[in-house]
Structures are given as C-alpha cells and as structure tokens.
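Chains A and B, in that order, give the protein sequences.
Going by our numbering, the letters in the first sequence line up with residues 84 to 456, in that order.
Going by our numbering, the letters in the second sequence line up with residues 84 to 456, in that order.
Please note: incorrect hints may appear among the correct ones.
Repeated chains share a single entry, so a pair holds when one copy, or any two copies, can fit it.
Here are the simulated DSBU-like pairs of lysine-lysine, each with C-alpha atoms no more than 30 Å apart in a straight line [unchecked claim]: (1) K381 / K291; (2) K291 / K233; (3) K233 / K435; (4) K317 / K251; (5) K381 / K290; (6) K123 / K251; (7) K233 / K123; (8) K313 / K146.
Honestly, the hints are just simulated from the structure, not real lab data.
Just so it is clear, the structure is predicted and the values come from calculations on it, not from any experiment.
Protein chains: 2
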Amino acid sequence: MNLGAVADRLGISAERMERMVGRMVRASDWPPPRHLRFDKAVAGVEAGTVVFDEDEIVYGYPKIRRAMMLAPALRSHFSGGVLVEEKMNGHNVRVARVMGRTVALTRGGFICPYSTEVARDQIPAQIFTDHPDLVLCGEMVGPKNPYVPKDVYPADSMDFYLFDTSRKGRRDLNGSLSTHALADEYGIRSVQLFGEFGLEEASEEIKKIVRDLGGRGREGVIIKDPANLKSPIKYTSSESNCRDLEYAFRYYNDYGQDFFFSRVVREGFQATEWSEGEGEFLERCLRLGRSMLAPMRKTVEAKIAGEAIVQEVEIMVRDLQTAKDFEEHFRRMGVRAIFDPPRPCPGGHLVKIKRLVLSTNDKTESIVEGQLW
Amino acid sequence: MNLGAVADRLGISAERMERMVGRMVRASDWPPPRHLRFDKAVAGVEAGTVVFDEDEIVYGYPKIRRAMMLAPALRSHFSGGVLVEEKMNGHNVRVARVMGRTVALTRGGFICPYSTEVARDQIPAQIFTDHPDLVLCGEMVGPKNPYVPKDVYPADSMDFYLFDTSRKGRRDLNGSLSTHALADEYGIRSVQLFGEFGLEEASEEIKKIVRDLGGRGREGVIIKDPANLKSPIKYTSSESNCRDLEYAFRYYNDYGQDFFFSRVVREGFQATEWSEGEGEFLERCLRLGRSMLAPMRKTVEAKIAGEAIVQEVEIMVRDLQTAKDFEEHFRRMGVRAIFDPPRPCPGGHLVKIKRLVLSTNDKTESIVEGQLW
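This is chain A alone, in the form it adopts within the complex (with noise of 0.2 Å):
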C-alpha cells in the first residue's frame, strides 16, 4: 500500500497520516486483505473508514442522527415530502469486494467473519462483477445475530438488508430510490419502504407506522429525501427504547449511563408529542420502569443464586472456519467470551456464546455480600 498516495486520497497531508498510523488508524493484515482502520474520526475522515490501498477506500457509514420530536423536526429538517424506510434492528454492515473477496464491514471498520459469510451467501456475487465500486449498506439481523439478536424479523439465523448504497473512495449515499431499484434488479433483501408522505401528513403517518411497528417489535423508522439532497433522520418506538433498556439493565454496569439516559429523554418527548391520555400515559410510564427494573431483580437474583451472569448470544455458521474465525474476530476487537464447542444444524453448525459482563458480574456479587456504595 502506497501510504503517501492514500493520504493524498483521503486530503490528509503524508506526514499526519505516517503520524496516525497505528495511534487512531489501525494496521492489519486478518482477516485479509491487508487494511488500515480509522479508529477513531480524524482530519475530516470519518470513524470506520477502511483503506485497501488508495483505490480501494471504504468509508465509514455516516451517523444518522435522531429526530426527538418528530413534527418539528420533520419541518426544519426537510423541504419537500419524504421517504420512511423501516429501521431494522442489528448491526450495521457496509460490503464491498476488494481484491477478489467481498468482505463484510462493521461500523467500527472491522471485517467481521462472520458477516461475511452471510453476505457471501446472501449478495449475489454478479452485483460487484457488474459494479466493482459498489459498496452496499445494510443491516445484518436475525436471532443468530451475536451483536443485536432478535427474532422479530423473518430471517432464522441472520439475514442482510439493504439500505443505502455507496462507491468506493466516495462519502457520499447514493439514496432510497435508487437502491430499491438495485435491490431488485438482483434479489436482495431490502428494509421495508413504507412510501412517500408530504410535509403535512408525514408527522402523523409516521406517528402510525412507529406505533404499529412498536407493537410488533421492530424498531422504528429512517426518514429521507427522495431527492437525496438532505440527510437521513432516525426516529423509533417506545417498545424498542424500552426493550433496549431492558436488556442492558440485565448488565446494568456494563453500559455507559448515557445509554439509559438517552433512552428516557427520548420516552420523555415522545410522551409529550403524542400527547398520549392519561391511561396510556401511565402504561408507558409502567413499561419504561419495567424495563428497568426487571431486569435488574432478575440479575441480582441470579447472583443471589451463585450463578454467574452471562451475555449468551447463537451464531449459524455454515463453515466451521467461520466460527473460528468470529473468535479470533471477537479477541480482537477486546470482547472476552467463552465460545461452546459447535453443534451440527440443517445448513451448518450453531456454535453458543457467552459474553463475559465483568463490571456487572463483579459489582452485583459484591453488593449482594454486603459491599456499600
């Protein structure tokens, strides 16, 4: 990789990015190809970017930022009508092919084993023979997602959905329209477009769909430009605030406070938006303390009982290699778990997981034996 020619890409001048390399840009050669990692968002380059060589530059996947009240926001956000996409729940992926392999990003930069291989599996291989820049955004979800597991989608392992397309060297979207049409064209799952609403009505709409997706478990909506002309916003349902908090309450020391305080405050708009009556007021004060609390008793339960407290999470893979792989992946990135040996399934091995939560595991064992605060 010629480091001067990369730096010249990314605007940045040869020294800093001589300077960066191996602070907050990150070498490695595993999994290959042979990559550097923006760690961290530098010199205008966004967090997760990942650098082949100079023609082969993937960057990170923009923050989408988060509509709190929807109508305002809706107002001062977009000029004309908008798109509301479904908003899937799990990992967030961007897969290209470089030198030969498609490989499967996460939003950190990582090439992740075991994404890969779905997408492998999953993204016709004619797609990047047919468009060798292309750089498909989408999320990785389904019950053997270890990040994010849920099992509200139709997807028995885990399942790629397209949302947003890009080019190599390029920061830019390439929107909702055109990557439906892509989507299309070569059969591959996409998040659910729930249509084109005015101004006006948006608010209300959208208000409809977040509930009944609520209800069903998803997570909430990506509003945008059908022009692609502004930014993407996100907005979601209270049950997926809720249910978020519910399973970080589980590992309550674990995660970062604002990771719970974020949550209330937006329980706390919403509230006041939808102007909700007092009966339904009252539910989604139950639901948020609920999702609190739960979770918590049963953790400290567990401790009482002796039993240690585990994150247990399932992948699928379909190569034992892959599992390996997601392991190795896994030490990598600093997650401490405990992989159980594979067991054979239609279509692969299940290999189980379990995520060490330290900071709960310790905090909780030591207050239950009578440590103070």
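Take the given structure of chain A and dock chain B to it, following the hints.
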C-alpha cells in the same frame, strides 16, 4: 494565618501547602472570618475542610456510604447491634464558633450566610461558650431551604437538626448517643432516634421504618454503631429516590447522568431484597417510570408554551442583609440565579429565587424547534 503551622497541623509539608493554595485550596475573606477552603480532597484532607487558623480547623464531613442491600450490608459492616436514626433531606452543615462568630459551613466548605443566620438563631450561644471547640453537624431542612426545599418536616422555613458532633482539629465524630445527650442538654433539635436493634432483627425493623418514612415523604435512615467504632451507613426509601428523580428530571439536562443511574440501581436492589409481590413490584415500576417522565413532560410542555425553565426556591431571612449576602454566596458558588425583591412576612422577609437551568432550557428549546439529537 501562619501557613507553615497550618500545614503542620494538617500533616502536609509547608512547600506542598504553599503550592496548593489558590488551586485545590481556596483562600477567601468573605464572609469573614478569613479562611482557606479545601475544594477537593487532597493529601489526606477531606474536601470541605475549612481552616481559619492552625487551631481553628473544621474538617470536612466524612462521606457516608450507602447500603444497596440492607441485610448483607448490616452483617458485613457491623458486629453488634445498631442505632437507627432518621436521615433528613436537606443540606449538611457544620456549625462552629470561630473568632467569636458562629458560622455554618456547607458540605463543600462555604460559609453559607443564610444557614449561618438560622444556626445563630436556633443554636444557643451558650453551647459554644461551654465547648469552644465544638463542631455541630446537622441537617438544615424545610420548605425555605434553597438547596433542597421540602415541606414534609415540621419546619415553617428552615430548621437545624443535629445528628453528630465533632471538635475543631479532629476528624472523628462523637457518635449518636453523646450527640443526643448534648442536644437534650442545650435544647437543640436533633434527628429522630428510632432505637437500637440487634443485628438479627435490624434489617426487618429498618425495612419497616424506611417504608413508613417513605410513605410520609421522608428520606430514610442512618445506621450507626452504638459504640461509635464503625462508620455510619445510610439507606433510603423508594419514594425518596423517586422524588429525587422527579425533581431532577424537570431539569434533566442540568443533572449528572450518574444522579439518575444510581437511583435506578438502588430501586433494582431494593425491589430484589424486599422480594415484594408482583402487584407491589409493578407499583414500584410505575412510580419509577412516572418519576422520570411526568416532570420531563411538564418541562417540554412549558417550553412549547414559551416559558423559561427555572428552578424556583424561596428563603425566609430575619435580616435583609442575609438575603444580600446569600445572593453574593450563590454568585461565588457559580450558581446563576435571579433574586426577587424581598417581601415582608411575620418574623422577617421572604425572597423568591429563580435558579437558571440553562442547559435544560437550551436543549429543550432547540428540540421543540426541531433540532436533532
């Protein structure tokens, strides 16, 4: 003030002391007498320690640790029986006579002019004539407490309740029994002592006391060693946790996230330890959720209606100069507030104070105007 002699008493080298003054140790001559205040704990000296002279040092009030699970905490912390006292909800002050003046010091080591007026009013001067080195540690509570206004106590404006004593130049506290004896002798209000309990029965008895206190809008208890050999610990009611949250969520962006998080975690442990029935548990969940969403909704609604978000408190002073001094005190503490003109009332003057909560104001305003998160 002889800085070398002061350093010697504090167990610090003179050079180190010199370096600390102006940094972690602040010099102030207002309100008199001139003093040094330890802003942070440093070199083994508690935060809030105030030095008037080498023989006139009032050490910071020690942090009282919290039981998260009562029964195991009692077992591991105490060896014999325990005394149980009410923990009142106001602000902690240390009252002493220095250079002929009675002063009330806040937890952080500021001389609070308003607390000082109340202390001079309610504590007989004789006690300091008899015991010149005495430091009275107590809680200022009541509806006219500008830090923590509460109307659940038998106080019309703000009353001092003694809960421990110490001596100038000493870090140790004298403990519950001698404190109550002293309070009786001099006719000073003191916190309620619920009694002494054996270790076996204590957690059940304290649970009953705390539930009862919670139901009456009171905070909780301090648990002390009758022989004063162990440090005290605290334990609070669910209702008090939730009322704290209710207050704080009106100003959700001006409080630290750990304020919210720690209170939720307390609820989780208490719910588990008290292994309440499902109905009671759901009531707790609703109480918790409501304590966060109801005040936030109020704040957002106020902002939509174009109102400024302010924290309104009121003080009742005997002397108008006290109100002026208190305004200066707030200014020096970095609190931004607007003081209304005093209104006469029986026994003195009432002054309404509007504390500005700028962060919550700005954040809420921008969101109701459509700003994204």
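So, going through the hints one by one against the coordinates:
1. For the identical chains of this complex, K381 and K291 are inter-copy neighbours only, at 24 Å across copies versus 33 Å inside a copy, given an alpha-carbon limit of 30 Å.
2. In this assembly of identical chains, K291 and K233 lie within 30 Å of each other by CA distance solely inside one copy; the values are 22 Å within and 42 Å between copies.
3. When the C-alpha separation of K233 and K435 is checked against a cutoff of 30 Å, the pair qualifies only within one copy, where the shortest distance is 15 Å, while the shortest distance between copies is 53 Å.
4. In this assembly of identical chains, the alpha carbons of K317 and K251 lie at most 30 Å apart only when taken from the same copy (25 Å versus 59 Å across copies).
5. For the identical chains of this complex, K381 and K290 are inter-copy neighbours only, at 21 Å across copies versus 33 Å inside a copy, given an alpha-carbon limit of 30 Å.
6. For a Cα distance limit of 30 Å, the shortest separation of K123 from K251 inside one copy, 19 Å, qualifies, whereas the shortest one across copies, 52 Å, does not.
7. In the homo-oligomer, the alpha carbons of K233 and K123 lie at most 30 Å apart inside one protomer (28 Å), although the nearest pairing across protomers, at 47 Å, exceeds that limit.
8. For a Cα distance limit of 30 Å, the shortest separation of K313 from K146 inside one copy, 13 Å, qualifies, whereas the shortest one across copies, 52 Å, does not.
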